[in-house]
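Enquirer: One letter stands for each residue in the lines below.
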Amino acid sequence: MSRNVHGFDLEARLNRRTFLKGCAMAAAALGLSDDMFPKLVKAASSPRRPPVVWLHFQECTGCTEALLRASHPDIGRLILDIISLDYHETVMAAAGNQAEENLRSTLERYNGRFLCVVEGAIPTKDGGIYCKIGGRTAMEILEDVAPKSAAVIAIGTCASFGGVQAASPNPTGAVGVRDLFNARPVINISGCPPNPVSFLGTVLHFLTFKRLPPTDQLGRPLFAYGRRIHDHCERRPHFDEGRFADQFGDSGHREGYCLYKLGCKGPETYSNCPTVRFNDVGAWPVGIGHGCIGCTEPRFWDTMTPFYERLPHVSIPGTNGISSSADSAGSKILGITAAAIGIHAAAGIGKRFLKNKPAETDNT
Amino acid sequence: MIYERRLAWSVLFRLFHWFFALSIVALVVTGFYIGDPWTNTTVIKEGKIFTMEYMRYVHFIAGFVFTGAVIVRIYLWGAGNRQEKIMDFLPVTSRNLKNLFSTVAFYLYLKDNYEDRLGHNALAGLFYLITIVMAVLQIISGFYMFYPESSFWQSCGLLLFGTQGQGRFLHHLFMWYFILFAFVHFYIVVWNDIRCQDGLISSIFNGRKFRPKKV
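Chains as they are written, first to last, in the working numbering: chain A, 144 to 507; chain B, 4 to 218.
Think of the hints as simulated: they come from the structure by calculation, not from any bench.
Since the structure is predicted, the reported quantities are computational estimates derived from the model, not experimental observations.
Backbone N, C-alpha and C fix where the C-beta goes; we use that ideal spot for every residue, glycine too.
Possibly wrong hints are sitting among the right ones.
Think about it this way: if two alpha-carbon atoms lie no more than 25 Å apart in a straight line, the pair counts; the simulated PhoX-like pairs of lysine-lysine are [stated by the list, open to error]:
#1 B:K114 to A:K498
#2 B:K51 to A:K404
#3 B:K51 to B:K217
#4 B:K114 to B:K51
What the simulated footprint calls covered on chain A by chain B, stretch by stretch (three residues with Cβ under 8 Å from a Cβ of chain B suffice, anywhere in the stretch; the number is not a length) [what the hints assert, rightly or not]:
#5 227-235
#6 343-356
#7 404-411
#8 449-458
Input sequences plus hints: build the corresponding full structure.
Expert: Listed below in structure tokens is the structure:
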């Protein structure tokens, strides 16, 4: 692999060595044995591999960017090399009617055989008018394309669970693919953005075994989302020994201690971030000193916030949105209970005084 | 009036009570640490004390004790003695509904006499039922976090609470129910022991209560 001083690969074509390295990386992520590797390489280089139609809906193109603009472009090129991308609004050369014609002809020629990748949430409110491409709503496009595919890969948290668009109050009624469509197998590669290796592994699994990898209860592949971030975190020993960063930039933070008290959501988030990491340079959020925000989980924008505190706040009923931390609310209720107990006890004593009752009423 | 001492609570019931109570104390203390730990750097520089690991270890052991105690109580709902069976105190029968209102009136100082019962009164029984339901929810949310890679617990957790994050949040909120319950339980028991003649507090140690002897 030739690189210049900036670390960019100057070769335009993907060479075999890089191709095999990429396949080996994906095979390792999938947990495949050595025996399976030649089969995987064969499937990935077969000229008869299924094409991919990539649909963009309500999204920021961050998932595509994460795939294509890795620190050096091997993974991105590998993906483009392995999958035969017939329709992808960000990278295709065609535009306008020509692009839509590409989509239509792929649907006809590869009916029931192509892979459909969905990026972005699908707005459903008001007939889905909040996301339109070529005069059709996202709902209509999905209804047209997804049933003709062999399988659907929802890439990113938006396509998986609705993501940021679906955060309360969800003005456009955004939902993930699974909420609308389940006539074909749908797999969720959640994350904001997801790791390209998780996507690559899923595609290679499909090419090699003609089916999607096994998933957890939320439809995410177990090879990538089977374990919590916390359980593979490099800062975990600091957690076990009770060493924490209390504030950003304090001595504990500089020492590389656990970010638990800064609201790291690693203990409640499933992903392979600590092991696979990003951009091929071994970087990932917790590694560089910022806690996990739980972006692979459904409704993370609503349930993982505040990002810099351990637990969500409790909204106090009747106060129109005033919230308080769980412990402060709990201790206030405890205080009210203590006051009630005090009043109750005082009332009992007071009543006894008023009635002037003798202290002992029973004569055993 | 002449009183007689009668067996109210079986040994298993009393064991349930004390294992339940002591495990709650251990769970709340270690749970508060796990939820908001102190930072060891300010106490010891070269810490070889696995504080969080130890707290979690105690929390998990206590959690299993708590689970065992709850299973015993649910078993006694069906298989315990007369006082321990669920229909003896659940306010669904007319006898227990009447008792519920008379107990509330008694607790509000609206009447001075109370229905003499060997087992729970209906108000207490209602809250003990709620407590066991809360305990079951607490156990499920706990195991949801304890076995994060088990698809069984993941299905239960997702169905009842949502993601791991929400399960964790609810686990923390439910803890406050047990703190409040312990507080109120303690007060009402002492209050009853002062006002009534059945020897309520000692009954959870020796299982016997005092009842007026029928002549």
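Enquirer: Name the hints, by number, that the structure is in violation of.
Expert: 3, 4, 5 and 6
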